[in-house]
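Protein chains in written order, with UniProt numbering: chain R, 1 to 263; chain P, 1 to 348.
For the record, the hints were derived by calculation from the structure and aren't laboratory data. A virtual CB, placed ideally from N, CA and C, is assigned to each residue, including glycine. Keep in mind that the hints are not guaranteed to be accurate.
[Stated by the list, open to error] Stretches of chain P that chain R covers, calculated by requiring three or more beta carbons in the stretch to come under 8 Å of a beta carbon on chain R: (1) 44–51; (2) 87–101; (3) 124–132.
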Amino acid sequence: MLYAQLFWEYIKNYAKTRLTYRMDFWIEILSDMMFQFMNLIFILIVFRHTPSLGGWSEAEVVFVYGFFMIPYGIFSTFFSIWNFSERYIVKGEMDRILTRPAHNLFQVLLENVDPPSLIGSVVGAIIMFVCWGELGLPFHVMDIVLLAVFVIGAVLVYAGIYTALSAISFYSDAPTGIVPLMYNIQNYGRYPVNIYNKMIRFVLTWLLPFAFVGVIPASYFLEKKADDLSQLALLTPVVGLVFFTLGLLLWNHGVKRYRGAGS
Amino acid sequence: MLAIDVKDLRKQFNVQKNREGLSGALKDLFKREYTEVTAVKDISFQIPQGEICGYIGENGAGKSTTIKMLTGILVPTAGDLRVNGYVPYKDREKFVAEIGVVFGQRSQLWWDIGVIESFQLLRKVYRVSEADFRKRLNNLIERLDLGDLLNRPVRKLSLGQRMRCELVASLLHNPSILFLDEPTIGLDIIVKTEIREFLKDLNREEGTTILLTTHDLQDIEALCSRVIMLDDGRIIYDGGLEDLKNRWSKGREIHFEFSTQTKLATLQALTGDLDVTWKMDNDLTATMWLPHAINVSDALSKVVGGAAIQDIKIVETNTDEIVREIYRSGSASTESEQQAALKETTVS
Chain R
1 MLYAQLFWEY IKNYAKTRLT YRMDFWIEIL SDMMFQFMNL IFILIVFRHT
51 PSLGGWSEAE VVFVYGFFMI PYGIFSTFFS IWNFSERYIV KGEMDRILTR
101 PAHNLFQVLL ENVDPPSLIG SVVGAIIMFV CWGELGLPFH VMDIVLLAVF
151 VIGAVLVYAG IYTALSAISF YSDAPTGIVP LMYNIQNYGR YPVNIYNKMI
201 RFVLTWLLPF AFVGVIPASY FLEKKADDLS QLALLTPVVG LVFFTLGLLL
251 WNHGVKRYRG AGS
Chain P
1 MLAIDVKDLR KQFNVQKNRE GLSGALKDLF KREYTEVTAV KDISFQIPQG
51 EICGYIGENG AGKSTTIKML TGILVPTAGD LRVNGYVPYK DREKFVAEIG
101 VVFGQRSQLW WDIGVIESFQ LLRKVYRVSE ADFRKRLNNL IERLDLGDLL
151 NRPVRKLSLG QRMRCELVAS LLHNPSILFL DEPTIGLDII VKTEIREFLK
201 DLNREEGTTI LLTTHDLQDI EALCSRVIML DDGRIIYDGG LEDLKNRWSK
251 GREIHFEFST QTKLATLQAL TGDLDVTWKM DNDLTATMWL PHAINVSDAL
301 SKVVGGAAIQ DIKIVETNTD EIVREIYRSG SASTESEQQA ALKETTVS
């Protein structure tokens, strides 16, 4: 309950801050949209050259992409901690966080909420439902519940991996180049994983389970393929919980090693 | 009850060693070497509730590291630590709800929003009821004269205004212990005085225990009944400020202004049987230095008889000088040597 109240307070403050810089607000939304749009164009261009990608049609790949945008938007809203190491470790702002009576990760996340990213989720949902119609997929009420469960699971997968990545800053002196690397890897998860070799597939499914953010849960709603990915779909919330727990444990352990900055 | 109880507290950091040159950097890439630096070396002290204690020492003596351990930010390497009955780093979230922290170099407030919004947010974080919050806030605003600042964003405040707001922010939840890390750094003398007065009142009226680090010894003189002095991670003094002055100041100076030209030899002859030293500033003024063992009136009576004196000024060594002296000797010698030196001065 306390956390819900705090959440609301932080959002209000976010709004107050951001609305004073109006232009900035719109530019951010615009650039977010442009970025997602470019990714979509890329998919469309690929399909100008080939009718199917590893047995997946254009509409199906776009459907997966639409699904991916939903958890990604939610994740970007609540976990925009790309600058964690720089701001909180190097500059020592973690000091302030640690002297306040609320969970430190929660405070860091709230200080960095970025609600405009949610627009990406809305766009993703629209893309998905357009493709849903185009593919003539059957629709059950249960699908909405499952969609929600998958989205939450996918957000947790992301959250766990990035919490763990941010926690590395507690252990390593210098900020590492690992976040951009991860950013590249995560993009693989939006495409059908069967187009990759076995090794990459294994990594994307079990080690850095970005496949659980896009293609695996999305395939549940699509026609069954030869190597049935949708069997794994129901594991999405489990994988999400496991990875988020691991991320949180690593974080909590890391906080104990925090050394502050300067005097 | 003890507010702070520290026993054999130690903090070690692993500091990465950077080898020289490009080849060194390449070697570092594959095999890092670390040096272990002990910032705080087995210190022990106790602070009872309601005390204002000053924590002083040179830069890098370990003051901030200690404060960070006491506030639960850092986990100690070894030793026992109890603040308000809690082990700070273990029950951190419960513990920090009862303390207030001000870091002079770092802001607690949100940069872009009005001060009052920051206070409201802190009210939620600390779970203070609206009624209590109003009462305390009004009281603090009145005391620190903040009325017209509340709606301004922090980035538009002057340092003095910001620091007063920081104090309010740290006190909204009525903490029983207040930690201040260099609270008066960079402030003008008026704001400094205001803040000192405020802290004194706070301590008297609410019984708040205050631990502050500072480089400004006037803060200490104005506020603290007790000083803990740190050097190179060890406590080199723990006791009253007066005591510190008496033990460390070796003597005082008397400035004379004569109405006629007076020779150094004459003056030395007058006080020949006393252990004093003379220094001529010019033909008409001279300075006599005398140790504590000699009575001022004794020394004066000797001089008065033999020279035409126009004016006399007695100067006690001030705390700044004493502390400078201690810092200098403290880093050069060990504790036992200082103890010996101390005894020597008290004997002579």
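To see whether the hints hold, each was checked on the structure:
Only when three residues or more bring their CB closer than 8 Å to a CB of chain R does the claim for the stretch 44–51 of chain P stand; here the count is 0, and the claim is violated. Under the rule that three or more residues need a Cβ within less than 8 Å of chain R, the assignment of the stretch 87–101 of chain P holds, with 8 such residues. Given a C-beta distance limit of less than 8 Å, the hint that chain R covers the stretch 124–132 of chain P holds, as 4 residues qualify and 3 suffice.
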